[in-house]
Amino acid sequence: MKIPVRLRVNGENYDIVIAPYRTLLDVLREELRLTGSKKGCDAGDCGACTVLLDGKPVNSCLVLAATVQDAEILTIEGLAQKGKLHPLQQAFISEGAVQCGFCTSGVLMSLKALVDHNPTPTPEEVKIAMAGNLCRCTGYSKVFKAVAAATRQP
Amino acid sequence: MRFELLQPRSLTEALEMKRDYGEKARVLAGGTDLLVLLKDGKLKTDAVMSLRNLGELNFIREERQGVTLGALVSHNAVATSSVVRQKFPDLAEACAQVGATQIQNLGTVGGNLCNASPAADTAPPLLLMDALLTLASTRGERRIAIHDFFLGPRQTVLQADEILKEIVIPQTTGRRGATYLKLGRRQAMEIAIVGLGVAIHLNGSDRVVSECRVAMGSVAPTVVRARGAEAILRDREITSELVDEVAAVAAEAARPISDVRASAQYRLDMIRVLCRQATHAALARAREKKAEGLS
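Just so you know, the protein sequences line up as chains A and B, in that order. Count the first sequence with my numbering and you get residues 1 to 154, in order. Count the second sequence with my numbering and you get residues 1 to 295, in order.
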């Protein structure tokens with residue numbers, strides 16, 4: 001039996017009717033058509049589905065959509081503000097920190113959560129923050145360079 | 001993966017639902033284990049009861065008799081809690097090594113215990129602390145020692161109508177130093193090959209150990225204390241020969257299996273290595289505590 005659910009995603013309310021066992025990832029992609037969050041392993045291992053739940057990165061494949069109706073959800077689609085890219089997104093472009101791109105949205109969400117409360121992270125802190133995001137192209141070093149560029153003290 | 005979703009708004013309501021549904025309802029805390037099992041088809045259930053709305057079980061409370069954790073407190077909240085980091089660094093270290101950030105934000109200490117994996121990272125530190133667990137049902141509450149909670153892999157003493165409510169960590173005596181070491185092939189997103197915690201208690205002297213405790217995960221059907229090893233250091237002046245003996249005897253308390261992560265023999269060898277390292281590290285931390293600051 002489907003149930004009515006209200007989700008607050010990227011500052012907008014969405015009223016939908018869904019089966020109670022559907023994950024947040026599936027609902028974001030298939031009901032809200034926000035396909036920036038990716039499905040890699042669907043088991044909490046790869047981090048491609050990372051979104052922010054009340055500001056904290058979580059695997060959206062391990063969250064039931066119907067259980068987070070009280071939360072603010074931020075996906076990669078909400079990262080740019082008023083048409084302006086987030087400094088991390090801009091740095092990913094200038095440093096070429098993207099290979100196939102499948103992990104990129106999840107990586108950016110993990111890093112966004114990091115710099116929100118730690119604007120000048122050390123390389124070690126960056127590694128810990130994205131330890132749950134796998135890049136199968138193994139393109140990590142340019143990601144680290146991009147974070148350094150985006151968070152460098154003027 | 002298909003089921004009815006129950007979303008109680010309070011513990012009282014949750015206990016009534018659990019009484020009515022019994023084994024037909026699985027409890028969902030963080031979901032990092034349960035949803036994976038359900039998706040894989042390794043587990044089937046008629047209903048899932050999400051405890052996400054039970055804010056009353058999401059707390060860390062410092063009291064005169066110790067520290068109490070609500071069952072729904074996340075690994076991240078424990079790992080970053082100043083109270084836990086200061087008093088129980090071994091538990092903070094364990095929570096900081098569960099999966100990675102995303103899992104630590106979802107996963108809960110209560111869920112980690114109720115899932116009853118022999119590799120549960122939070123269990124060895126809580127075993128070191130002789131933690132008590134409050135189990136609640138509509139029949140009332142009972143408090144049991146964590147040593148009596150686990151029956152085997154994925155098996156606990158929780159009855160069909162019961163929910164783990166809180167974890168009580170008693171106040172420690174003396175200068176306590178402790179650490180939890182986790183061996184994996186990388187530093188994150190791992191299930192422990194061996195997880196091992198050591199707590200050392202000192203009184204006045206920096207050399208004489210008043211109490212030593214060793215707890216191990218992933219080396220037996222449940223997490224275990226190595227009580228034979230602990231007795232070696234009690235009221236003794238510490239030497240590196242004695243620490244080697246503690247490590248050797250700790251390995252004797254293990255009953256590891258060979259699996260996809262490691263052979264039984266490798267696990268036994270690594271217990272000796274980790275136990276030595278953890279004992280020295282715990283001792284160093286105990287010595288840092290000032291003799292007058294007996295908490």
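Calculated directly from the structure, the hints in this document are not laboratory data. A hint or two may mislead.
[To be verified] The calculated lysine-lysine pairs, modelled on DSBU-like cross-linking and capped at a C-alpha distance of 30 Å, are:
#1 K290/B with K39/A
#2 K56/A with K84/A
#3 K127/A with K2/A
#4 K39/B with K56/A
#5 K2/A with K289/B
#6 K2/A with K290/B
[Claimed, not checked] Residues of chain B clear of chain A, computed beta-carbon distances all greater than 10 Å:
#7 R19
#8 D40
#9 L43
#10 T134
#11 R236
All C-beta atoms, glycine included, are put in the ideal place defined by N, C-alpha and C.
Here's how the hints hold up against the structure:
1. K290/B with K39/A: This hinted pair is violated, its Cα atoms lying about 51 Å apart.
2. K56/A with K84/A: Answer holds: K56/A to K84/A is near 22 Å, not above 30 Å.
3. K127/A with K2/A: violated, 41 Å
4. K39/B with K56/A: holds, 24 Å
5. K2/A with K289/B: violated, 57 Å
6. K2/A with K290/B: violated, 60 Å
7. R19: holds, 21 Å
8. D40: Its Cβ does come within 10 Å of chain A, the nearest being 8 Å, so this is violated.
9. L43: holds, 13 Å
10. T134: Holds, since 24 Å exceeds 10 Å.
11. R236: holds, 38 Å
Comparing the model with each numbered hint stated earlier shows that hints 1, 3, 5, 6, 8 do not hold.
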